[in-house]
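Participant: Here is what each chain is made of, one letter per residue.
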Amino acid sequence: MNAIPERRSDANYYDVEAIRRDFPILSRTVHGKPLVFLDSAASAQKPQAVIDAVTSCYAEEYANIHRGVYFLSQLATEKFEGARRKVRHFLNAAEEREIVFTRNATEAINLVASSYGRRFLKRGDEVLISEIEHHSNIVPWQMLRDEIGIALKVAPVDERGALRMDRFRALLTHRTKLVAVTQMSNALGTVLPVVEIVRLAHDAGARVLIDGCQAVPHMPVDVRAIDADFYVFSGHKLYGPSGIGVLYGKAELLEAMPPYQGGGDMIVSVSFEKSEYAAIPHKFEAGTPHIAGAIGLGAAIDYVTATGLGRISNHEHALTTYATERLMAIDGITLVGTAPGKGSILSFTVEGVHPHDVGTILDHHGIAVRAGHHCAQPVMDRFGVPATVRASLGMYNTEAEVDELAAALRHVREIFA
Amino acid sequence: MSELRDLYQEVILDHAKRPRNFGRPEHFDHEAHGHNPLCGDKVNIFVILGAGGRVEDVRFEGRGCAISMASASLMTELLKGKSEAEARHLFERFHQMVTHEASGDPFPDAAPDDLERLEVLAGVRQFPMRVKCATLPWHTFNAALASGKAPAEVTTE
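Chains as they are written, first to last, in the numbering used here: chain A, 1 to 417; chain B, 1 to 157.
Looking at chain B on its own, in the form it has when it is part of the complex (with noise of 0.2 Å):
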């Protein structure tokens, strides 16, 4: 059972049911339609781009479970002032993470202060089902941040 409070921390539990950032805004610049349809989760990402192409704001709508709610949740509040670059480069080590077994050093280079803010979405490592869930939105912000005019589509599978 110590794999499920890993799993679902208060942290997590109070992200799921207080999203941050939620909601349509009035004007974006980019847009994404993410879809688990494995569990038909859904989540939409819009982004507002600032001076220098970073990320002035990031909002979402979407339902799902606890795990993609609060993932797009702290990812939300994370990227806000990034640069493209920076949001990939999160998005990199937060998805090794999820995928691979704690080592020694894991993310010596990145940004350390958001890793330990996304270090309790780790616990989604022991439940590999679950990781698409936490990473559907950040798949989805990467599509938004390429798309054109249209929204882009973005799938699990």
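For reference, chain A alone in the conformation it holds in the complex (with noise of 0.2 Å):
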């Protein structure tokens, strides 16, 4: 149970097909086509190894959390903050208490845009967000706006996706406050240089949130050598459970900020006069959390950390550059989003047919692929498209699945010729 495979020490070591057997989904069919999943950046897929911890924390060691004195209840506290010790090594953090359960990235930017951002900003302070974002790294921000007067700027990506670091330095001010960026776009796949924004924004005495949804499956992310104030990621983009989230922020940060929920599990002692909460990082979690899916999360970093996210990444870079040159090499596809360095995102118009067309017919293939917005609209808007058709790959992908692709591909323009 909950078996890594070994893997060699040689770096350039990547057995594809190893990995692809310890995800069971990937041997099942699709309308009688064998599965080929490349919607990885909306959520992946999970190995045994998580779906065993999950199976085997209700099977054998689940009770509730932080309560009991009985076995069951001491055992399961103590794997939960066992996956909360194994997040801290995967950012680096500096300390456990750093890390803060959430259900997801979105919760957690908007507990950080709820407590840090009602208690610390205020009418007038602006907050520097790029074109490229997420709506969940959008949308928590317009509502402080609407709500305490916060003003929002935009720094604007170039055409080829890539952040206008002369822009974001302009917009960049003594009024800027917080600095809230993605580390890797997921409608375009454009990798944000983290570390200079982080270094930028600080020297302008602004605090920075990183959104590492897209970021952390696919390469190594040390929060303190990028020296991100708050940093936040979905379990289930890092082939984790749904449901199960992260929100690192520096200690004396989370310890300024009051409790974004109130209840159980968040409090010293409650009477009806007054409670005094919990110290970090159970202040920030109220209410019984997703014990399983933290355990879960635990199993998925220890799968990709056994991997190798440096090998994960030189994989997925060369399936990139592959995939690129079959679709480019297809008359009528235009990619979308061609920053130097990007990601394994591939977001692509096919000249003539609608992205859902495209879609629906991929998915005959057995092809999964996003085809909309990408929960990112404003990006839609700067390149004048309605929607893209997103291929994103993930540690499992083969170049006989991107082959697949670009056969299917062919198949939409003939449809459509």
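Simulated from the structure, these hints should not be mistaken for lab results. From the three backbone atoms N, C-alpha and C, an ideal C-beta is built for every residue, glycine too. A hint or two may mislead.
To be verified - Listed next, the in silico BS3-like pairs over lysine-lysine satisfying Cα-Cα at most 30 Å (straight line): (1) Lys17/B to Lys80/B; (2) Lys149/B to Lys42/B; (3) Lys17/B to Lys132/B; (4) Lys274/A to Lys122/A; (5) Lys153/A to Lys17/B; (6) Lys149/B to Lys33/A.
Unchecked claim - To spell it out: a stretch of chain B is covered by chain A in this simulated footprint if at least three of its residues, at any positions, have a beta carbon under 8 Å from a beta carbon of chain A; those stretches are: (7) 4 to 11; (8) 21 to 33; (9) 80 to 89; (10) 120 to 134.
Assembling the complex is the task here: the two chains are given apart, and the hints tell you how they should meet.
Facilitator: This is the structure:
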């Protein structure tokens, strides 16, 4: 149980077929065709190690945490807190108490907007985001703007989808109190220079929140090397369960912030006159959390760590280059987002064919892609398209699958010829 | 793959590529804007009423997938000359066609010629995610008829 297949220590060794065997869903068929799953940026599939960890939690080690004096509750608490320890190491955070479990990255951003934002931002302060943010890193700031009168500034991207650093610098002023940017765009694959962004922001006196949803499955992340003040990600994009996410925050910030939600588990004592809040991270974890989800996330972290994020990254980059060549060889296909050094996301349009028609036809070839605005409507507006088709590559995808995609896209062209 | 052929029939592809009655007319009596926020499809419907409240002309503009564009195009052809009641009745029958499995004698009382022409869209019922694409223009037309001076706004969600 929870066995992590041994991988060779050679940095170039990557046995994608062995990895595929770890993901049971990859052996199923869709519409009579082998599944080609190219939508990991929306949510990734789960390796057996994660499925086993969740099953084992419920089958053998389940009870509520932080409560009982009995054996099972202690065991579940140990496993849950063990998952927090794994997240801490995964992000290279200084302390475990800097890791707050949330439902997902969206809730983590809302937590910061609501708790940090309401306490430390005031009318006239500016929050600076990029033009290629997911809706989850736009809407919470708009809600805060409407509530307390902050201003929301947007740094644009160039025609390839790379952040315009000149414009970013110009928008970063003494009024900027928080910079909130993605590390990797879910719609385009653009990887933002977060180390430089954080340095510039700190020089300007602003705190920085980084949305790491797309970054953590694809590259090693070190929150201290980045010097991020807040870093958020979702478990389900990292081959873990859905319903579990992470907020990393520097301890001094989390300590200064008021609770986000009130309830059990986040207090030391309660009377009808007054409640005393628990220390971080528990102050931000009101109510019974997704215990099995956190444990499953811990197993997912073990899995990708054992495989090696450096190796995963190399594999995905090589595959992205291959896929780009294959797609560009097809008439009528235009890639949207071609920033240098981008991650394993190919967003594209097919001339004369709406992305949803492309998605339906690909589905009948067994190929799962996302067709739509990818919860990033401003990105679509920026590039003047209503929607795109997005193929996102994960640790288990292969050149043969890219070939299937290319063949199916030729079929799309035939149908709409 | 036969389901795909049912969905993307020649007639559909033809209407999607060369939509009939496309474009905003200079004068019209009713207008509605339809929007499917899930996929971004947008269709604006313009209705000109004639004698006795019958539909004299329907035109549309918008952008979206082949199914929504072809459905809008076919709809504008079929609705000309219809009374409001006849138009609603036709939509009801069409809605049944794209959401229910075909039975022996599904639509005995509807205008048989019109339904026969809409039959090219029946393949949608095998694609539950795409039913809204086919019905958006019709919902938008209904909203247009019901609208006052200001254009009505319709959303699928």
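Participant: So which of the earlier hints does this model not fit?
Facilitator: Hints 5, 6, 8, 9 contradicted; others consistent.
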